[in-house]
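Enquirer: Sequence order for the protein chains is A and B. Mapping the first sequence onto full-length UniProt numbering, position 555 (from 1) lands on 555, and the numbers just tick up by one. Mapping the second sequence onto full-length UniProt numbering, position 554 (from 1) lands on 554, and the numbers just tick up by one.
I should point out that these hints are in silico values taken from the structure, not numbers from a laboratory. Among these hints, one or two may not hold up.
[Claimed, not checked] In silico DSS-like pairs for lysine-lysine, Cα to Cα no more than 27 Å straight-line:
hint, chain 1, residue 1, chain 2, residue 2
1, A, K417, B, K239
2, A, K253, B, K248
3, A, K486, B, K147
4, A, K76, A, K147
5, B, K147, A, K258
6, A, K522, B, K528
7, B, K253, A, K72
8, B, K69, A, K239
9, B, K76, A, K248
10, A, K486, B, K248
11, B, K69, A, K267
12, A, K248, B, K253
13, A, K522, A, K644
14, A, K69, B, K258
15, B, K258, A, K76
16, B, K528, B, K510
17, B, K548, A, K253
18, B, K253, A, K549
19, B, K149, B, K86
20, A, K528, B, K253
21, A, K69, B, K267
22, B, K486, B, K522
23, B, K248, A, K417
24, A, K69, B, K253
25, B, K86, B, K147
26, A, K231, A, K253
27, A, K258, B, K267
28, A, K239, B, K486
[As the list claims (entries may be wrong)] Which chain B residues stay away from chain A? Per the calculated CB distances, all over 10 Å, these:
hint, residue
29, T220
30, A264
31, V367
32, V415
33, T546
34, R736
Heads up, the beta-carbon is just placed ideally off N, CA and C, and yes, glycines get one too.
There are 2 protein chains.
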Amino acid sequence: MRNLVLPFLLLASILSFAQTRPVVNLVKYVNPMIGTAKMGHTYPGATVPFGMVQLSPDTDTIPYEVNGKYNKDVYKYCAGYQHDDKTIVGFSHTHFSGTGHSDLGDFLIAPTTGKLQLNPGTEAKPESGYRSAFTHANEVAEPAYYKVKLDDHNILAELTASNRVGMHQYTFPKSDEAHIILDLMSGIYNYDGKTTWTFVRVENDTLITGYRQTNGWARTRTVYFAMAFSKPFHQYGNKDYSEAQVYKGFWRKFDQTKNFPEFAGKKLRAYFDFKTEEGEKIKIKFSLSPVSTEGALANMRAEIPHWDFDRVKREGQAAWNKELNKVVVDAGKDDLVNFYTAMYHSFLGPTTYMDVDGKYRGLDMNVHQANGFTNYSSFSLWDTYRALHPLFTIVQPARNNDMVKSMLAHYDQSVHKMLPVWSHHANENWCMIGYHAVPVIADMVMKGMADFDANRALDASVQTARTRYYDGLDYYMDLGFVPEDKNGSSVSKTLEYAYDDWCIAQMAKKLNRQDIYEEFSKRAQNFKNVYDAQSGFMRPKLSDGTWKKEFDPLDTHGQGFIEGNSWNYSLYVPHAPAQMIAMMGGKLQFAQHLDSLFTMELPDKYFENTEDISRDGIIGNYVHGNEPSHHIAYLYNWTDQPWKTQQRTRMVLKAMYKPTVDGLGGNDDFGQMSAWYIFSALGFYPVAPGSDQYAITSPAIRSASINLENGKTFTIDVKNQKDKNVYIQKLELNGRPLTRTYLTHSEIMNGGKITFYMAAKPNTKLFAKAP
Amino acid sequence: MRNLVLPFLLLASILSFAQTRPVVNLVKYVNPMIGTAKMGHTYPGATVPFGMVQLSPDTDTIPYEVNGKYNKDVYKYCAGYQHDDKTIVGFSHTHFSGTGHSDLGDFLIAPTTGKLQLNPGTEAKPESGYRSAFTHANEVAEPAYYKVKLDDHNILAELTASNRVGMHQYTFPKSDEAHIILDLMSGIYNYDGKTTWTFVRVENDTLITGYRQTNGWARTRTVYFAMAFSKPFHQYGNKDYSEAQVYKGFWRKFDQTKNFPEFAGKKLRAYFDFKTEEGEKIKIKFSLSPVSTEGALANMRAEIPHWDFDRVKREGQAAWNKELNKVVVDAGKDDLVNFYTAMYHSFLGPTTYMDVDGKYRGLDMNVHQANGFTNYSSFSLWDTYRALHPLFTIVQPARNNDMVKSMLAHYDQSVHKMLPVWSHHANENWCMIGYHAVPVIADMVMKGMADFDANRALDASVQTARTRYYDGLDYYMDLGFVPEDKNGSSVSKTLEYAYDDWCIAQMAKKLNRQDIYEEFSKRAQNFKNVYDAQSGFMRPKLSDGTWKKEFDPLDTHGQGFIEGNSWNYSLYVPHAPAQMIAMMGGKLQFAQHLDSLFTMELPDKYFENTEDISRDGIIGNYVHGNEPSHHIAYLYNWTDQPWKTQQRTRMVLKAMYKPTVDGLGGNDDFGQMSAWYIFSALGFYPVAPGSDQYAITSPAIRSASINLENGKTFTIDVKNQKDKNVYIQKLELNGRPLTRTYLTHSEIMNGGKITFYMAAKPNTKLFAKAP
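Required output: the full structure, derived from the provided sequences and hints.
Expert: Pasting the structure below:
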């Protein structure tokens with residue numbers, strides 16, 4: 001029955017969408033360059049929403065480590081591109097957006113003219129290698145389109161992409177020595193030995209296939225590819241840079257360096273030679289697969305069965321417009337750019353991780369079939385559970401359900417029987433702490449949006465939360481906290497486990513699983529065990545139950561917190577703000593404490609060794625540039641001064657998000673920073689995913705229509721919107737006064753209208769007393 | 001129609017076989033220890049006919065190369081076992097039989113007691129590692145069964161196998177410290193860096209899965225495994241010997257060395273701990289797959305769904321008896337041991353290379369489905385085209401057809417569009433010269449045995465033979481010979497290409513492909529282009545058409561020949577002996593030349609740097625220990641002195657094959673040496689595979705019944721057989737006098753009887769004049 005009804009409903013909803021909603025051109029507001037300077041860690045290249053291919057220029061490819069030692073400079077290159085750089089090494093096919101650690105940069109392609117050079121060369125001397133100087137004046141970045149002139153080679157490079165295929169279009173000068181270089185050693189967060197194996201076949205004079213295996217952030221990763229040329233090369237070759245070390249056997253009988261169609265090794269670069277006429281375009285289709293070269297070829301044939309570059313660009317931008325139209329806003333020009341670039345960044349991941357036939361590689365390295373869902377990977381969950389996935393519950397619920405199904409598949413394949421921590425191309429990279437797949441799942445269950453088996457998802461959550469050998473969980477389960485002498489970042493872990501456990505308890509309650517509800521409700525209270533009433537801060541405790549003696553609540557280094565200080569992290573009890581506030585001295589004292597956070601000063605020395613925190617992301621001592629504080633400005637809503645939430649979030653929006661290349665106050669973290677922007681700009685925010693409530697704040701836009709997948713529209717109307725009118729004077733939901741500090745999920749999903757009346761002074765009587 | 005008839009015929013033939021042929025116990029004559037001393041390169045462990053798993057002890061695991069330099073001592077360890085050694089390192093699951101270069105030794109398991117030691121230790125100090133001393137007195141080797149007492153650990157080790165699963169049975173003493181070590185770094189022809197990646201999961205306390213990737217003789221090779229224990233281990237762990245170099249990322253949050261269920265890296269050893277009672281047996285099932293760990297698990301479940309070690313052994317030995325009964329001989333005891341051990345060695349390869357569901361990894365590294373055939377790998381074709389595959393045309397025609405189909409699949413997957421040279425686990429290792437898949441195919445076509453598409457096979461052969469960049473073929477095609485100044489071993493290549501080309505011509509003629517027939521008939525004559533009439537030898541020619549000046553026809557080093565000297569290799573025109581004999585001065589002079597070959601002396605200096613040739617394999621200057629001479633003793637049949645073939649082959653049988661551990665005069669070469677024995681002992685030999693004729697010689701057995709797959713029996717009856725009666729006095733086929741020096745394939749396959757009447761003196765008038 002369900003199977004019969006669903007497609008009809010889907011069809012109906014698509015029809016109603018198509019009939020009633022004209023698609024507005026919003027792509028024009030997106031500036032993919034935002035965040036490419038300083039520490040935004042975004043990339044400017046071509047990709048489609050949630051696409052598997054991210055085809056983007058890499059401006060440097062400096063190594064992650066040299067002789068086993070970490071190279072600090074690499075941190076700037078998490079997404080391969082730094083706006084200050086003067087050269088482009090080439091264009092590679094995979095990039096993370098905004099992450100604070102990195103990997104990928106697979107299959108770098110560089111078109112060149114003149115003498116063949118297989119080394120990338122240096123920024124100081126680009127002519128010493130295949131890289132090229134460029135200027136931003138000759139550069140265009142749009143959704144699904146990137147263009148740049150490569151000055152050293154007099155080549156115009158254009159890039160576009162479908163989901164699984166990157167398309168290159170290179171306009172050459174007249175040259176008898178035109179080359180396309182395929183660098184199979186290059187990569188992001190590269191190091192000597194990272195590429196464990198490469199296998200390449202020149203199938204014919206326009207088709208290459210192969211794969212590359214790496215040992216990086218993803219420990220055991222393989223990417224398969226197929227590469228098609230629009231024009232036959234007249235000769236080709238490769239160089240193995242590990243020649244001296246590699247066992248050659250009877251392959252020595254061949255000269256494998258030139259026109260030999262099969263090469264393999266650890267350090268390979270290949271080239272393909274052409275003769276070009278002035279203005280001649282050589283196009284490349286480069287498809288990826290997590291499964292096989294067969295899969296990569298099938299992906300290419302299915303997605304781009306032609307050579308029409310403009311069509312691929314057009315279809316890619318249409319795909320973007322469709323997604324951007326999920327929220328149609330009216331706002332000032334800069335705000336429009338900020339908003340749609342945030343939307344764009346929010347839809348860059350998690351990324352598709354399966355072939356067109358539904359096959360994908362699982363955590364067990366076996367090939368699996370995704371039945372009835374799209375398999376996604378690259379879940380940066382410590383970041384994205386906070387606002388990105390809650391945003392998806394509104395504007396991408398179908399995809400969010402598939403993401404949960406992908407997490408459950410991950411769980412099924414995990415030898416640990418754990419949900420993903422940071423799911424990364426058939427790998428778990430274990431980045432950061434907690435088990436924050438749980439709030440993503442709980443959020444869908446509690447909001448009534450789950451089309452997965454909620455009981456199975458609960459079981460997976462419980463099993464994950466009981467994995468004793470995971471990151472101090474044994475102590476946490478036995479003692480009620482993680483002891484700092486046994487496991488570092490102990491307070492952060494305790495606080496985040498407690499929140500995740502609350503999510504499990506909520507689900508269990510809803511699903512009538514009383515024993516689980518009780519067990520995890522108890523665990524959810526563990527935040528109390530690391531609260532030091534004397535100092536008024538969360539503080540690391542030792543396994544003997546005493547507080548760690550040396551303690552500086554300002555310092556982010558070695559104080560029991562990860563990427564944060566106690567000042568910020570002590571406020572991390574998103575599931576029980578009222579309880580926390582009472583514990584910390586009551587509403588008034590707490591509001592003053594928050595005020596101090598935003599107004600005090602945090603000297604550099606307190607965070608200079610913490611990569612994810614920089615001066616650009618700090619307001620007072622409030623660290624917006626990293627995730628643990630993202631809910632903090634909303635906590636005033638639980639005091640008697642909710643208008644301060646309104647003021648603070650407007651201030652943060654202005655300070656931390658600018659329509660400039662250096663416009664992001666920190667790593668975008670796969671859309672979490674951007675999702676914070678979108679929610680806050682619209683006037684509400686999910687402080688505790690796993691509840692169905694959104695804390696209300698002051699919108700930064702004039703109006704917005706949220707075009708829901710269910711065919712309904714939720715409208716945000718902001719009266720008297722001005723920069724200085726940051727305070728809500730009056731609030732109406734569907735024409736009736738709204739007197740609480742939150743919206744519920746169903747109020748949004750049912751469609752309707754919320755009207756904000758704005759003023760330059762707070763209406764301190766607006767809301768009923770906070771809970 | 002064909003589809004309906006075939007199964008019926010097969011059924012009928014199976015029924016007739018079952019009804020009329022009692023299975024004799026012939027396993028008892030097989031001694032797997034033969035060839036394990038000196039250079040036979042055989043292994044004594046457990047395997048089934050053409051089995052994927054070869055579970056066998058490795059007595060040392062010294063590296064192939066150290067710092068990029070070849071280590072000569074490794075050559076003794078091609079099969080992992082040397083009979084003179086005093087210790088056993090452990091038991092690994094893959095071994096080549098008799099090869100002259102090597103690889104494999106995957107997944108070495110060592111049971112130990114006492115203090116855990118993860119290093120193998122040294123032969124001089126076995127107590128310094130996990131290896132153990134042993135004595136041959138405590139060792140038993142039978143088909144599909146191997147047993148040894150590991151003295152250092154007081155453990156009785158027993159091994160057996162099904163096609164894809166090795167089964168271990170270890171009888172422990174009472175111990176609180178019993179260990180099973182799984183060494184994932186160990187291997188045959190190992191070197192630092194050979195293991196490119198290893199991935200392991202401890203699925204539960206009795207099941208491990210994973211895979212290992214190596215860069216060895218097979219350049220890009222992955223073997224997947226599943227390992228099940230009969231008893232749960234109480235703890236486990238691993239050590240990563242490349243720890244310092246490996247990027248760890250966020251895996252650092254775990255102690256991965258103990259009871260952590262997922263490990264990966266380049267240099268891993270794992271251990272599993274037990275407490276055992278006196279005499280307690282711990283059994284292991286270890287299955288392999290070329291496809292996936294899922295495949296390995298499915299193979300285990302399908303082949304050994306129980307823990308009955310004796311049943312696996314019994315079924316393995318029954319499988320061997322079934323194959324050995326293909327030829328039931330009567331002979332002296334030593335001859336029986338030699339004969340059935342040769343049969344055993346002949347059926348050790350090519351090996352199965354697919355899962356129970358027909359999936360296998362192809363040359364393109366994609367997973368393929370074998371439809372209607374068993375996919376085989378490990379074709380050592382330069383060796384085995386000579387006698388092993390011709391033997392299969394008689395006693396294993398169904399398998400030989402599947403082997404050809406495997407070669408055609410290889411061709412389809414090859415980016416070079418070449419038939420296999422040395423097909424090796426989804427790899428082409430390119431070992432040796434020529435394209436000797438062609439004679440295997442031609443042999444089946446010309447004998448009317450092909451159930452593959454002969455025209456497609458011909459096209460594949462032609463395409464292979466026209467691959468200009470392969471090993472001097474461009475020169476060969478342009479000049480009619482390979483010039484030594486352009487491509488070494490030029491004379492060997494020219495001679496072998498010419499023979500392979502004749503095979504193509506024969507097929508083309510039969511298939512009415514006139515143009516191909518003409519092209520390749522012409523190429524088949526190229527042997528003439530390297531014959532130097534002045535010296536009377538084949539001799540390297542330079543690209544300017546002159547002979548290479550320095551020339552010593554005795555020397556095997558750098559004279560234009562591979563693993564042979566001109567004296568032996570000059571006689572390599574198997575497809576045109578009469579023409580060659582005329583070219584070399586006529587029958588009388590040629591017979592004298594042959595006499596010289598067998599009676600002259602070849603000083604050590606002429607072969608001391610040629611690995612595949614040793615004193616043990618030489619008679620005079622005749623090198624039986626390596627393949628190029630294998631047809632030579634039969635060439636007397638083309639002179640007027642065919643009785644010398646009879647005397648020489650009987651002499652070679654005695655001199656080169658002994659029922660002792662050092663009984664083989666050279667590498668068994670995956671059954672080629674053994675197939676020579678079988679043919680020669682039965683009284684006939686395929687001098688030119690691709691013709692349907694077998695040259696007749698003096699049998700060494702008293703009688704033989706060849707039980708054919710078609711249900712017929714060909715009987716060899718030898719009257720007056722004695723050691724001294726090496727000469728055929730009279731010959732009858734089905735009761736009628738046979739007066740030619742050859743039998744045809746159909747005469748054998750039609751069933752019937754050949755009767756040899758033997759005497760101590762030659763009957764010089766027996767045969768009509770040679771052709």
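Enquirer: Work down the list of hints and note, for each, if the structure agrees.
Expert: How the hints compare with the structure:
no., hint, verdict
1, A:K417 - B:K239, "holds (23 Å)"
2, A:K253 - B:K248, "violated (38 Å)"
3, A:K486 - B:K147, "violated (48 Å)"
4, A:K76 - A:K147, "holds (22 Å)"
5, B:K147 - A:K258, "violated (51 Å)"
6, A:K522 - B:K528, "violated (92 Å)"
7, B:K253 - A:K72, "holds (21 Å)"
8, B:K69 - A:K239, "holds (21 Å)"
9, B:K76 - A:K248, "holds (20 Å)"
10, A:K486 - B:K248, "holds (20 Å)"
11, B:K69 - A:K267, "holds (20 Å)"
12, A:K248 - B:K253, "violated (38 Å)"
13, A:K522 - A:K644, "violated (32 Å)"
14, A:K69 - B:K258, "holds (26 Å)"
15, B:K258 - A:K76, "violated (36 Å)"
16, B:K528 - B:K510, "holds (25 Å)"
17, B:K548 - A:K253, "holds (21 Å)"
18, B:K253 - A:K549, "holds (24 Å)"
19, B:K149 - B:K86, "holds (12 Å)"
20, A:K528 - B:K253, "holds (25 Å)"
21, A:K69 - B:K267, "holds (20 Å)"
22, B:K486 - B:K522, "holds (22 Å)"
23, B:K248 - A:K417, "holds (21 Å)"
24, A:K69 - B:K253, "holds (18 Å)"
25, B:K86 - B:K147, "holds (15 Å)"
26, A:K231 - A:K253, "violated (30 Å)"
27, A:K258 - B:K267, "violated (33 Å)"
28, A:K239 - B:K486, "holds (23 Å)"
29, T220, "violated (5 Å)"
30, A264, "violated (5 Å)"
31, V367, "violated (7 Å)"
32, V415, "violated (4 Å)"
33, T546, "holds (25 Å)"
34, R736, "holds (49 Å)"
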